[in-house]
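Using the sequences and the hints, build the whole thing.
So the chains spell out like this:
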Amino acid sequence: MLADIRDGDAVRMLERMLLVRGYEQLIVALGKGGNFPITCSALGQEASAVGVMSALGEADRILTNHRSAGHLMARGAEPGRLLAEVMGKATGYCGGKSGSLHISVKELGVLLTSTIVGGELSLATGVALSKKMLKEPGVVACFFGDGAACEGVFHESLNLASAWALPVLYVCENNQWQAFVSRREAMRNEHVSDWAAGYRVPGRTVDGNDVFAVREATQEAVRYIRETGRPYLLETCTYRLAGHYSLDDQAYVDAQELADWRARDPILRLREQVLAMGPLDEAGLEALDARVAAQLDEARRFALESPYPDVAALTADVLA
Amino acid sequence: MDQVTIEAAIGQALAEEMARDARVLTFGEGVALKRRDLAERFGAERVRNTPLSEAIIAGTAAGAAATGLRPVIDMLYIPFLTLAMDAIANSAGKLRYISGGQFSFPLVVMAQTGAGWGVGAQHTHNLEAWFAHTPGLKVVMPSNAADAKGLLKAAIRDENPVLFFTDMTLGFNPGEVAEGEAALVPIGKAALRRAGCDVTLVSYSKAVHTCLAAAEQLAAQGVEAEVLDLRTVKPLDEAAILRSVKKTGRLIVVHEGARFCGVGAEIAALVSEQAHAALKAPVRRITPPDVPVPASYALEQAFLPQAQAVVDAVLAICPPHAHPRGQAVFEPA
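First to last, the protein sequences are chains A and B. Numbering-wise, the first sequence is residues 1 to 320 according to the working numbering. Numbering-wise, the second sequence is residues 1 to 333 according to the working numbering.
One or more of the hints may lead you astray.
In silico contact screen, one side only, chain A against chain B (beta carbon under 8 Å); selected entries [as the list claims (entries may be wrong)]:
1) G152
2) V153
3) N159
The set of hints was computed from the structure by calculation and includes no laboratory data. Here a beta-carbon is modelled for each residue, glycine too, at the ideal position from N, C-alpha and C.
Quick look at the structure:
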């Protein structure tokens with residue numbers, strides 16, 4: 001499979017994954033100074049975000065969840081405007097009214113970051129219905145976790161998308177944790193993708209820490225949706241390396257389990273693959289790291305220097 | 001003009017708006033059967049049956065509204081909306097604001113409300129205050145066929161989520177309705193159903209008829225009650241309420257929703273804040289007791305605000321024969 005992937009793609013994907021990782025780490029660092037909002041990170045899930053997004057096109061629409069920073073950046077969001085939004089600044093994508101938990105970016109086709117677990121699954125069918133009835137090209141990609149898969153609306157959504165033949169790509173990022181509860185404790189299925197069959201929806205599980213595998217599986221899923229107009233459930237098997245939210249010290253996590261998954265870090269893996277494939281040597285990787293660090297420095301400067309919204313914004317945009 | 005039931009008026013509003021705007025569609029459990037004429041005229045794409053899954057019906061409407069369609073969903077009975085609250089309250093009502101105005105949610109949520117059919121508490125509940133309490137939503141509750149048609153047409157054209165609640169027992173009440181643009185009734189405007197100078201009765205939906213019946217009885221005793229039909233619970237026509245109370249000096253609010261944190265409490269507070277000097281008596285509320293709606297006819301009628309209770313409340317704050325019959329002073333609103 002690696003032979004099929006152009007060197008430039010691998011480097012671009014690595015750069016995007018490094019940017020996502022660096023952004024999440026920057027938020028943790030800023031949080032340590034106090035007076036910073038609590039956030040939910042998807043540390044360790046970068047390959048899933050970048051792999052799926054790399055297989056989607058401009059016409060596709062995105063709905064995601066509270067661990068959305070990677071999805072947004074993989075879609076092309078500027079880290080500076082994202083950070084500004086998290087900090088409640090006027091230059092943020094939603095003018096500071098969203099914060100980290102509900103960011104949407106219309107210009108990138110990102111409709112929703114839902115912090116109500118499963119809320120994104122609730123709206124996805126409607127967005128797909130618009131695509132179908134307005135005869136617009138593209139699919140609707142909906143990112144959710146194994147926790148959301150245990151919500152009733154997941155099942156209602158798959159059932160309706162199947163009954164109405166709606167072009168939804170359900171992307172379950174199974175990161176093994178439902179807030180503070182292991183998914184092993186909360187569901188008996190090993191794979192969320194198994195549930196798809198009950199709704200006559202194709203389901204597939206891939207290694208979510210292998211960006212190339214995720215991209216290939218997404219391409220296949222999107223091809224199926226475009227050809228049939230029907231939904232598809234892709235499960236990326238990955239791991240939430242950080243806590244549920246920024247103050248969570250993960251005391252409840254088995255140390256060996258965490259160590260095992262750290263050894264499978266998607267970024268370490270891709271670095272090794274890039275070195276093996278040859279587009280970059282060690283010096284090239286260092287230069288890439290420096291470029292990402294400079295981008296994040298600029299994002300940090302932009303967000304910190306951005307103004308807070310005028311208080312007149314408080315009562316604006318309640319009604320159209 | 002045609003005499004049609006409220007139920008038929010709703011069908012007319014849907015047909016006219018679907019013909020006017022190809023983005024309008026309607027779906028819900030059994031909608032394609034209930035609106036068979038619409039299904040035949042506009043096709044299965046635009047008139048859809050759904051599974052019995054309230055959360056995804058509402059969520060689908062919110063997602064569709066954000067991306068170019070104008071859905072009207074039929075949720076049957078208002079207690080079922082408790083299963084759809086996330087999509088309505090957290091998504092449809094909030095996402096325009098928290099996205100910084102990037103998206104609009106032009107959708108209509110229809111449901112039947114009101115006691116009187118003996119179907120019990122899981123099919124009968126007046127939850128309008130829940131939705132009025134939630135930013136980003138509008139709440140409409142017509143009392144007659146013309147308003148049902150006109151307000152539904154306006155709700156479909158509105159760029160915001162509108163909760164459109166019709167009383168179950170009023171559904172077959174006939175009334176005159178107009179066609180096309182002439183039928184439109186603006187959201188947020190109350191209607192003066194009866195002019196009077198002694199007391200203002202404010203209500204909406206079925207309770208309007210209770211107030212009108214009470215006003216008839218009161219008139220026989222020389223008390224002229226003004227009856228205001230809110231038509232829209234939110235946005236509230238505050239100006240119409242204040243204008244009437246400043247004229248009559250007395251206010252009684254009548255509704256089927258719960259008294260505690262109910263619409264009447266809001267209206268009482270409004271008048272207290274902005275027309276206190278005009279009040280000749282304390283504001284009164286006539287509402288059901290704080291109980292779920294019982295199924296037994298006898299208990300259900302005891303639950304409902306009755307015209308006699310309104311008459312008694314008015315006479316308690318309004319001296320009878322204050323204005324001998326025929327000498328009442330009417331002022332145009």
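ask   = Which numbered hints are broken by the structure, listed smallest first?
value = Violated hints: none at all, because every hint is consistent with the structure.
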